[in-house]
Every structure is written in structure tokens, then in C-alpha cells.
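Student: These are the residues of each chain, in order.
4 protein chains.
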Amino acid sequence: MDYQSILQEIADETRPLLSQGKVADYIPALAEVDPLQFGISLTLFDGTEYSVGSTDTLFSIQSISKVFTFTLALKFYSTAIYERIGREPSGNPFNSLVQLEYEHGIPRNPFINAGAINVTDALHSHYGEMADTFEEIVGFIRAVAGEPSITCNKTVAHSEMEHGFRNMALANLMKSFHNLDNNVEKVVQTYFRHCAIEMDTKMLSRSMLYLANHGIDPITGTVHITPQQAKRINAVMLTCGHYDASGDFAFHVGLPGKSGVGGGIVAVIPKLMGLAVWSPGLNAQGNSLAGTKALELFTTKTGLSIF
Amino acid sequence: MDYQSILQEIADETRPLLSQGKVADYIPALAEVDPLQFGISLTLFDGTEYSVGSTDTLFSIQSISKVFTFTLALKFYSTAIYERIGREPSGNPFNSLVQLEYEHGIPRNPFINAGAINVTDALHSHYGEMADTFEEIVGFIRAVAGEPSITCNKTVAHSEMEHGFRNMALANLMKSFHNLDNNVEKVVQTYFRHCAIEMDTKMLSRSMLYLANHGIDPITGTVHITPQQAKRINAVMLTCGHYDASGDFAFHVGLPGKSGVGGGIVAVIPKLMGLAVWSPGLNAQGNSLAGTKALELFTTKTGLSIF
Amino acid sequence: MDYQSILQEIADETRPLLSQGKVADYIPALAEVDPLQFGISLTLFDGTEYSVGSTDTLFSIQSISKVFTFTLALKFYSTAIYERIGREPSGNPFNSLVQLEYEHGIPRNPFINAGAINVTDALHSHYGEMADTFEEIVGFIRAVAGEPSITCNKTVAHSEMEHGFRNMALANLMKSFHNLDNNVEKVVQTYFRHCAIEMDTKMLSRSMLYLANHGIDPITGTVHITPQQAKRINAVMLTCGHYDASGDFAFHVGLPGKSGVGGGIVAVIPKLMGLAVWSPGLNAQGNSLAGTKALELFTTKTGLSIF
Amino acid sequence: MDYQSILQEIADETRPLLSQGKVADYIPALAEVDPLQFGISLTLFDGTEYSVGSTDTLFSIQSISKVFTFTLALKFYSTAIYERIGREPSGNPFNSLVQLEYEHGIPRNPFINAGAINVTDALHSHYGEMADTFEEIVGFIRAVAGEPSITCNKTVAHSEMEHGFRNMALANLMKSFHNLDNNVEKVVQTYFRHCAIEMDTKMLSRSMLYLANHGIDPITGTVHITPQQAKRINAVMLTCGHYDASGDFAFHVGLPGKSGVGGGIVAVIPKLMGLAVWSPGLNAQGNSLAGTKALELFTTKTGLSIF
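Residue numbers (this note's numbering), protein chains in the order written: chain C, 66 to 372; chain R, 66 to 372; chain S, 66 to 372; chain D, 66 to 372.
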């Protein structure tokens, strides 16, 4: 397939949408991003990469980081992680406390905020007091992205912490249900730091290869997780990857994917490729407006949806 | 692949589970079914069918019927159907009124009870006062299953109606929000009748072919719906097909599917086959216990999950 | 105290508010009422009555009828009635299904719709198949009001039934939890009929005397209920009498009371008098706007609040 | 009335209940209290006091402190306080986050935990950065109790803070809705300190006199609040004073009152007296079991209920 032309067509067709989205404005560092940017990349198993647009521009990956932390949690805890978090769609906004209270502090899945904070707590417990949990997380991301320079934007992380009362509420609520082992503030701080990691679409599309290839990095041959675990992460991405627009994403795009409020979306085409798109203007559900459309166009044009 | 041997292995491996499920007991007609039965069938695009176990025994398809009514609703209303129902996982039990009240009478998706009743109402409006909506529905099912003898069990339908106060509550609640056009009792009656339709796993696996083949029956060549619509039904089956165990099903099985409280489950392997399994003993979430395990074994053994 | 002058002052001071309320418009029969009407009456234990305004005009008592049905239920069932309904404020709108589902079909108190429907069901069970439950209810109201001509407005009752899908939903939901004994439609019909009873403020203020006087009608000497029961009905009126504005009513007025969507409000001053006010224009919570203010003025001017 | 004999009778009749309650055990300092203790006191407007049982034993007043902080908030903010908190019964447990999220961070009333934390925040804002808000609160309590030695138990306050994740969650949630002005931890710390204040039933019954007497201390003549404000605090105590057992308390006792998890309950008989009872064994709703019964016996024996 002529991926380069297809990506170019998609870039052309989504251009009119760029001005319709609204950048995240809950912290200044994100509010200042120019909404008219767009980039899309795909990476095949042999490392061939196709890119159109601003694909070298770093942006805040935000909730996309939850895919990587969930991977590490599954790797270290295997199915025991499900004593702390579920794997069902929540049917509620990403930061809701309602369900968390009704369900006694067990978050519905690892991709809503409470679930991702819980996963970060589990990683803190795994690495132990002496380790720097954030460094371990970013180290894993560097490995799967094949890019040692990746790091977090400290201004963003700091700004999130200053406005992160809702996440502090979620973490304290889990702690009150004895479902958070470490210091609340420390865990939330690590959570905000991994959300503030910056990458571009090239790095992100490459970082999805292990999920497309049964847990093994097809380029380096590194075995990150088992085929079973990779399959299951994909399933959770499909059912829970876009908060309360997950059904809509499955419906329109038909691929396992995960979005972030920085405007990035990653997607996996099993046995074939990793995909990433970025455009900072968000739709009403908080997912990249042009990015979601771009992925829908991609599966429509290529017929590569999983359905 | 040697499907016959694989199905046989699955039947053998799930046998110990048959006694662990619990048959639906909310109406006598279902409570009397022998829980130790099991059948599994798959049908390929050329009509070849593989079956092991009690695959000629008719059983109540119950919520599996919602796949067919949703198909008809999409066919007649196209995207206009989404003015009345959503397509997001509900995160709540199948018969909950809570979310329906909070969301002003718009059911989350066509597979929870409220959504399916709403779809039945839409079909009543489409066919009109003079038509027999149930007959139209069963006619469509006969067509996709290639089996003219299919009908509903009147004892079951009658018994459901007698104990169907929760569904009457859902329908009245939608009516109070002006999201139900026809007579409440008439719509709920039709709903119970299509839930009481009886089929066996052979018919059901064959009836999934149009969803595996872009909306076209691969045997007869009949175009039932557009490729887009077929893709989207599959997506909704994956994210919402098993109530609040939908995430779990995607996680373990990794196929679009739909279960019924009669113990049946259908599944779709896009571009390849239709699948159906039946075992009346249910797990805690109300899905066939041995049936769910059988489908998990099938994707594990064949590697045919969509992820 | 010069009650006549006080009532006159109140009528004068509330006059500017009459145009600010909004009459109930969910059924035509109520929507047509002239909102600029106002009447207030009080009746002392010796039968002396003071009245200002339209105090001979009949209006739909609506939810005020729930005080009388609850009285009968307590009389016949004593504390056993609390196996079916609670006595706690609901914190939710009068017709919400949410709490009813979470609490397994047990309504919070006898004054929300579900609770009053449940009480009507209990009365049906008490009087039995052969009796006319509505006639028994209206008979009791005639007795406590000392007015044999009281009856229900059939147009209103019929109109309610036609638009009463929400109440049908509540009744069906309770039935699904086995907390409704009789035929759903029959019970809801009786409920709508007793809501459609018409009285004027003179009759209503007189009808509250038994609650002000420990369960005994001070004029006729009839013992309706025990002192304990009267005290408890007053307590429930104070905490639950005005749906989710009950706290506000206690706060501003400081008397046990019950409002109806027809614009009437009754109140009890223990050991002293019955009170009733009517003005059809409602505030945002569905209580008479001028009526609530009139009662607040009454307790402020007389110092007769219970606090 | 022979109050001394009545109190003695009550002490005798409630004795068998003392062993049936369960002391609060969420922190060690409370869990160690001997459950078999009981004390009851009443104070008249002239300062005459009647007491039976352990009425000189200090105990943790816990949520009773919310009556005093709400008094101060009304005194300083008047009705402007209702921009931050409501005055309706919540219908939910005292520490629930559900309603707080649905209602955008505005607590239902000043007596649920979120409301009381919010009031403490308002007092912090009123007194300013340079003042010691806790000292101001305890100073007011000393004044209304006529007892300068009153102080908080630091072990209890510290222990609460260590286990107070649920309250930290509530405070952070309000902060995320911009309904908390000061530092979250500082406010919660002050809240826990005023909950850890220790008093005996003599002090507490005396401290209720200003609420029984239109806002004026009948002994010292000090005007604490307006008559209107006193009336309204009483109304909120009646409708919201006992969490989701408020209806039950109004129903059985029929007095404005406020309970604390330390086993104390205060009550007000308007125009007559202040009352306090203490017994550490709690019922299922978290209110003193023998204490609630004692107050019910008091109103039954004396006929002094407000209804």
C-alpha cells in the first residue's frame, strides 16, 4: 500500500478541521500550544516509517503514558494487578469519583485517572523506596520508542501538580479504601511527571510496535511482555482507551488506541504497524478532533480496521 | 486449520465447567433447562460448518436477538438512530434505570435492555400500525440464518411479560422522556417475543456471516447492510456486547460477540467466519460460563483474536 | 393574637409575588389555572377560622393528599409500614428512580412519589379487592375536613394517567423488587385519583387539626391516630414534606408542612392550629412561591415557629 | 417538672442498652473508650443544671463541633455563607463524595463532613493568615459553654489526620471546584482539631442555651447571633443533624439535635433548655445508641417534643 500518499491525503482532508478543536486550557503550559499543528506517522515492523506534517515536534503525551505504565504493571504483577484495578469501561468521565466510591476504591480500568494513579502506586511499590520510579518509567518508554533523549517537561509537571486537586482527591479516596500503598503526594507527583513526558509522532508510532507484535519489539527483538499480555492491553485500549468516547472511537476508527489531552493519539494495527497522530485541538470529549478524524480516514482508506 | 479437532478439544476441556454455571431462574421456562448441555458451531463463508455437541438443540436466544434488531434499525434509520440511543459502554448492569434517568431517557447503547426496547420501538414506527413488527424481525432472522422454521417460544414470551416489571419500568421511563413513540405495553411485548426466539448453534453461527463479511451474506449474496454499518455493529458488539462484563470478554476472548441469558453466545471473526456456542450455566455476570471459556480457548488455540 | 389582621398583612405583602410563580403545566387541566389567585386560612381547636383571599375556591390538592394516605397507612399498619417505606429525606427530586433502584425498591419516605404510590398499594391490600380504595381515602379526608362534598376532579385524574409514565416507571420498578402487591395500573390510578381531589384552604386548614392535636379531632373528638403517630407524621412532614426543598422550608418557615403542585400548602402548629395557603404560581422547586413566603411571614410575625 | 427523677429513670431504662452499641474504632484513641459509660445533663435558662451519670467525664465532641463552627460562619458571613454550602438533607452517608461531585463541589449542608470542612475554610478566610483559627473556634466554645478550660485532645487530632484520607479527598474535590480558599491540609488540620475538642455533658448542655434562647446566652446576656439565625440553626439541626438517620431522629426524638461519633448528642428545646447525653456505644448509623434512646424517652416522658 502507498502509505505515504494515504497519509498525505489524510493531512489534506483534515486540514479544515484544525481550527475547530480547542486546546486543553486547564494549565498555562498546555493552553499556549498552537492548535493549527498536525502530524501523523506510522512505523512498520522492519522499522520503515512514513510521516506527514509536524512529526518532529515534541508534545505532552499525557494519558498516552498510561499505556506504558500499564504495560510495566502487567509485566511485574501479571494478573495480580487485577486485585487493585478492573478492566471494564467506566461509562463515566475520566476523573469521576462517583464510581470509585461506589466500587470501594477499585478503579474500573487502568486508563481512567484513578486507575493510572493506582498503577503508578503499584510501580512505586515494585521499584521500592530507593529507586526513582519516574526514571524507571521513562527508561521503559525510551526503550520501546528507541529514543534515549525522551524526558518530561518540568514546567508542565509542576503546573499539573499545582492544579491537580481532583487527582489528589482520587488518590486520597483510594488511600481511604486501603487501595494505595505509598505516600499520596509522592505517587501523584510521579503520575504527573509521566503524563508530562514529551514525544513526537515518530517516536510514538514506533513505541507501539511491541503491542502490534505480541509483546516483542520487532526491531530489537526485545521481549517486553507475553503475547497474552499484549493482546489484553490492546483489548483494554479498545474498550477503555478514550474515556467516555471509547465506544465512539471503536465505532468510527475500529482500532485499539489511546488518546492524550495534549492532542496525541496512538493506535495499534495488530501484526502490522504502530500509528500516531497529533493535533492539539480537542473535541468535546477531550480527544484530538483532527486526530480522531485522521485515524478514521486511515482505516476507511486502507480497510485496516480490526472489524 | 483443523477446526473439527479444535472444537472437539474445546468441548473436552470445558466439560468440567458445565456443572459450575447456574441457569437463569427468573422465569420457570428457563429455570428448567438442563445446565449440563454444550454445543459449539462455526460456519465459513462457503457454508462449511463445523459442530461439536448439542448443536441441533433449540434454545432461547434472548439478548442475542438485539444484534438483529439493531441491524434492522441501522438499515432503516442509518445514523439517525443515534438521536435515540448511544453507542458507549454503560458501565452499569443491563437493566439499570440510574443512567437512563441521568441521561434523560437516552439509552447508552442498543444492547442494554433499555436500548433494545428503544430499537424495538423504532422498528414498530418503521413498519407501521398495520404490520406485525415481530414477524418482520423473525423474518429477517430466518433470512440471515438460512432457516425458515425459526420462531419464538410463546410460553417463554408470556412468562417474561408476566415478570417483566423492570423492563416495563425502563420503557415507561423512556416514554416519560418522550423517547418512545408507540404504546409501552405493545413495544415491550414485541421485545419479549424476539428475546424468546429459539435457535441452535448451527443457525446462530451461520447468522453471523453477514457481520463477518461487510454486511453481505457470503452464501446468498444478499446485501443486508453497508460495510460501514457491519463494521460498526461489530465495534458495538465488542465494547458493549456483554453488559458490564464487556471489557472482560474483549480481554479474554478478543472478538466482537453477544451473549444471551439463555446461555448462547455468538461471535464474529471478521473476513473469516461466524461462531456460536451454547451452554445454559451462567457465570456471575449472566454470561454462559462454559461458553465464554470455550471462545477464549478458541482464540487462544487458533490465534484468531482481532488483537 | 389578631390573626385576621396578620393574615391580611400577609396577603398584602405577598401580592407582588403572585406574578412571579409559574403554574404547573405538565397537564392541561392544571396549566389553565389563573396564577394570580391567593388564599390563606387558619383554624383553631374550637373551630374558629380566619381566612383572607380566595379561600372558597377549590383547587387540586395533589401531594397534600399524601399526608392523609400516610395517616391511614400508619393507622392500619402501625410500624409495620416501615418494612415497605423509609422515613428519611431523599435528597433527590420527587420522582427520581435512582435512589429507588440503589435501595432495592424501598422508597425513602411516604411523601416522594414512589413512597406515596407504595402507601396507596398498602391501602389497596388493607381494604381488599371488593372495596373501592379511593372511596375509603376520600371518605377519611371528608371526615378530617368536616366536609362531605369533597371529591376528585375526573378530568385531572384522567389527564395525569395519560401523562403519568414516570409514575408508572416507579411503580413497575417497585413491583420488580416485590415491593408492590397489587396490579400496577390499578394502584397508580388510585394514586392519581387521590392527587386529583379538590379542596379549598378552609377545608385544608381544618383538616390539619388532628395532627396539631395528638391525633384527635378537637372539634368532633374523634380519635384518628395515636399521639405518637401524630407526632411522627409531623416529623416526617418537617424533614420530607417539600421534596428537595424540605430543608429550605424548615429553615424559612419552621413548621411541619406539605405542599402540592396545585399550589396548596398545609402546615401544622402543634397544640394550636391548622394552616393552609394556596397560590398556584410555583417556585423552581415546585412549591407555591407566594404560599411559601406567606407561611414564612406568618411564623416571623407571630413567633409561632417550632424552633 | 421533676427533671432529676426523669433523668434518673432514663438512666435506669437505658442501662441494658449500653452493651449493645459499638464504639468508633477508626482511630485507636476512640477505640479504647469504655462503652458502658452514660451521662445525661440538662441546663435551664437560669443556669440550673440536672445531671445523672458520668457527666464530668470529658469525651471527644467530634461532629457536635460543627454546630459551633456553623454558628460562627453564620455570624460572620450571614446568608452569604449559602453561596458555598446548602441547607438540605443529603440523603447520603456523612462522608460521601458522590453528591459533592454531582453538585459541583457545593456541600449539601454544614453538618456533613464536606460542609463542615467548607465552613472551617470560611472561618480561616475570615480570621486571616495571622490568626489561629482553631483558637478562635475553641474560644467561642469556651464562651458558650461557660468553661475556660476546654481544649482539644492532640492525640486524637493527630490520629484523625493520619487516617483522614477520606476527608482529604473531600477537601481536594471542593478545591478542584474552586470552593475552598485556603491550603487543603491546613484547613483539614483545623477541622480535625475542632472535632477533637473534649467536653462533658454538663458543658455541652449549657452550651446549647444560646440556640434555645434566640441567639442570646440567657445566663451572661451575650448576644451571639440573631433570633433568625438561631431559629435557622435549629432547623438545620433537625433536618440534617444526624446524617442519613436525621429523619429517624426527628421521628423518634422530635428535637433539633446533633450527634458526634464520640457518643455525644446535644439537643435544644426552644425557649426552655439545653440537653446533652453521652454514651460511647454507637448504633449502625454512627449515633450513640443509648443516647438516642435516652432523648426519645425524655421527649416521651416530658411531652417536650417540638411536634
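These aren't lab readings, by the way, just hints derived from the structure by calculation. Incorrect hints may appear among the rest.
Claimed, not checked - DSS-like mimics (lysine-lysine), calculated; alpha carbons at most 27 Å apart, straight line:
(1) Lys140(S) with Lys251(S)
(2) Lys366(C) with Lys336(R)
(3) Lys251(D) with Lys219(D)
(4) Lys87(D) with Lys219(D)
(5) Lys336(R) with Lys336(C)
(6) Lys366(C) with Lys140(C)
(7) Lys140(D) with Lys366(D)
(8) Lys251(R) with Lys87(S)
(9) Lys140(D) with Lys336(S)
(10) Lys251(C) with Lys366(D)
(11) Lys219(R) with Lys87(R)
(12) Lys87(S) with Lys251(S)
(13) Lys366(D) with Lys366(S)
(14) Lys219(S) with Lys251(S)
(15) Lys140(S) with Lys87(D)
(16) Lys366(S) with Lys336(D)
It should be emphasised that the depicted structure is a prediction, and the values quoted were computed from it without experimental measurement.
Student: Tell me, in ascending order, the numbers of any earlier hints that this structure violates.
Tutor: Violated: hints 6, 7, 8, 9, 10, 12, 13, 15.
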